[in-house]
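Participant: Residue numbers (this note's numbering), protein chains in the order written: chain A, 9 to 311; chain B, 9 to 311.
Identical copies carry no separate label here, and so any pair may be met within one copy or between two of them.
No more than 20 Å apart at the CA atoms, straight line, and that leaves these computed lysine to aspartate or glutamate pairs for DMTMM-like:
#1 193 with 93
#2 79 with 59
#3 171 with 122
#4 147 with 122
#5 287 with 30
Think of the hints as simulated: they come from the structure by calculation, not from any bench.
Number of protein chains: 2
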Amino acid sequence: MRLLVVGSMAFDSIRSPFGEVERVVGGSATYFSLAASYLVPVRLVSVVGTDFPAEVIRTLASRSIDLTGLKVSEGKTFHWKGFYEYDLNTAHTVTTELNVFRDFAPVLPEVYRDTPYVFLGNIAPALQLDILRQVRRPKLVALDTMNYWIESSPGPLREVIGKVDILMVNEGEVRMLTGEYNLVKAARRVIGWGPSRVVIKRGEYGVLHLSDGTMFAAPAYPLETIFDPTGAGDSFAGGFMGYLASCGDRELTDMDFRLATMYGSAIASYTVEAFSTEKLQNLTPEDISDRLGSFLALTEFRV
Amino acid sequence: MRLLVVGSMAFDSIRSPFGEVERVVGGSATYFSLAASYLVPVRLVSVVGTDFPAEVIRTLASRSIDLTGLKVSEGKTFHWKGFYEYDLNTAHTVTTELNVFRDFAPVLPEVYRDTPYVFLGNIAPALQLDILRQVRRPKLVALDTMNYWIESSPGPLREVIGKVDILMVNEGEVRMLTGEYNLVKAARRVIGWGPSRVVIKRGEYGVLHLSDGTMFAAPAYPLETIFDPTGAGDSFAGGFMGYLASCGDRELTDMDFRLATMYGSAIASYTVEAFSTEKLQNLTPEDISDRLGSFLALTEFRV
Chain A
9 MRLLVVGSMA FDSIRSPFGE VERVVGGSAT YFSLAASYLV PVRLVSVVGT
59 DFPAEVIRTL ASRSIDLTGL KVSEGKTFHW KGFYEYDLNT AHTVTTELNV
109 FRDFAPVLPE VYRDTPYVFL GNIAPALQLD ILRQVRRPKL VALDTMNYWI
159 ESSPGPLREV IGKVDILMVN EGEVRMLTGE YNLVKAARRV IGWGPSRVVI
209 KRGEYGVLHL SDGTMFAAPA YPLETIFDPT GAGDSFAGGF MGYLASCGDR
259 ELTDMDFRLA TMYGSAIASY TVEAFSTEKL QNLTPEDISD RLGSFLALTE
309 FRV
Chain B
9 MRLLVVGSMA FDSIRSPFGE VERVVGGSAT YFSLAASYLV PVRLVSVVGT
59 DFPAEVIRTL ASRSIDLTGL KVSEGKTFHW KGFYEYDLNT AHTVTTELNV
109 FRDFAPVLPE VYRDTPYVFL GNIAPALQLD ILRQVRRPKL VALDTMNYWI
159 ESSPGPLREV IGKVDILMVN EGEVRMLTGE YNLVKAARRV IGWGPSRVVI
209 KRGEYGVLHL SDGTMFAAPA YPLETIFDPT GAGDSFAGGF MGYLASCGDR
259 ELTDMDFRLA TMYGSAIASY TVEAFSTEKL QNLTPEDISD RLGSFLALTE
309 FRV
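Here chain A stands alone, though its shape is the one from the complex (with noise of 0.2 Å):
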């Protein structure tokens, strides 16, 4: 079963306590494309300037991943620089050049149109609200965004969440978004506005996951090296909505929705052990396996 992203490619320039990395490659849709693409094939949609290395764009497609969305425009890629404290869970931007991302107006190629997973990147809710008109009765979508289009454009951000299955958002996102400082209460609010579930992400804390009537709260793995926490979340979401979308055409069941958290939070695990997509490149099936294994030992009780 096929998986549509929609996001930002990047290169990012990173201070963490444990090092300094300048200009690697990042964006939300490499490292989700890279995640998913572990467990279905992915097809992308993105921009990046003629700057972008052709090596990577050669490792992205030998993984199964479609590039026929992705745009290579005159000029230079999207650029973040930014830093972490010892508090890994912050990310502090020092500077963002958009650069061809500005005018990024992702036009879906007709083979994409009938995607039945679609996962919209953190991007213009205006644009989000774009690639919904184009893709045709999508089976699940799920959408992520930040604190910048809560602020700065409410109202197409509140309409796309009305047309979603699944926001995917931080816990500061969703208190923000809904004034609820109750992760139950905010959840619920959101679950108001038209989505099933919301899927809280925690950091270091792991993953909160409500629907009506059911909650499910998935730690993180507690790691002894943590070099890098860019591209967890996006490594997350690949491998959550890569999961479900390895389920296909059957129905998903409150179980799915735990495993596919589990999926999300193992290659997660492994993005953050490296700079950029260093560690998240190179996994193996069985190091994925292994690290749902060590979920299972990490969180099993009996009464």
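Knowing the structure of chain A, use the given hints to seat chain B on it.
Facilitator: Here is chain B on its own, set in the frame of chain A:
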């Protein structure tokens, strides 16, 4: 099997975003002993002033809490005044009036000296050492402490940590104590000092339980109404130690420690739903087993 607790009994004046109370009953030994009393008989060592309400003492006594070790001194009971912001994880102290607690020098009644399970609540490390000298070959000793003792009494604190089986602290405390930000590394350092287990309390994010070779992560229960987090950590400790003590003489397994963690989490999740001990002291065994069942549903997944 018996369980001994040494700690404070107090009046608390608390402001939270959900209300304000004046001079309600609190204190680590109060919360701990009430929580543990659902599982085993408890022996309490503490001190109160003559102003402490007789009916509270009657309530404790009625719940199989042995008060032979409770001293009533001329003067006023320990009084803590503080508040919580919307982030309920951090207690802000306004005033601390030690009163009769200033001269607390616990002497164990002879009948207490053979208690197999011991919890050293958050008091001066020198007093915790003194208690340990008075008990005869306990089976399992757990210890709580706080930033105040980490800064003011590092020598005695390190000495007493070296003599206990379990260190039970919050995230900030274990980081401060070890100088390690990473919790896995911090726990390993503590285990190098003597304890075999470190239980890290993370407020609304739950508990991380680490030993040499095993890790267990328990979420906190996502509640819609949290009125007052005061006493949550001590209620957790009471449920945790209460379950272990209920295992009696048999060898404790890793699964026992996991289930102990869940008993602690279940009982603590009720404590925070009301001010003071109002909810904690009126639970039924069914309430506790219901919440354990809810925790299973909250965390269960199958690969």
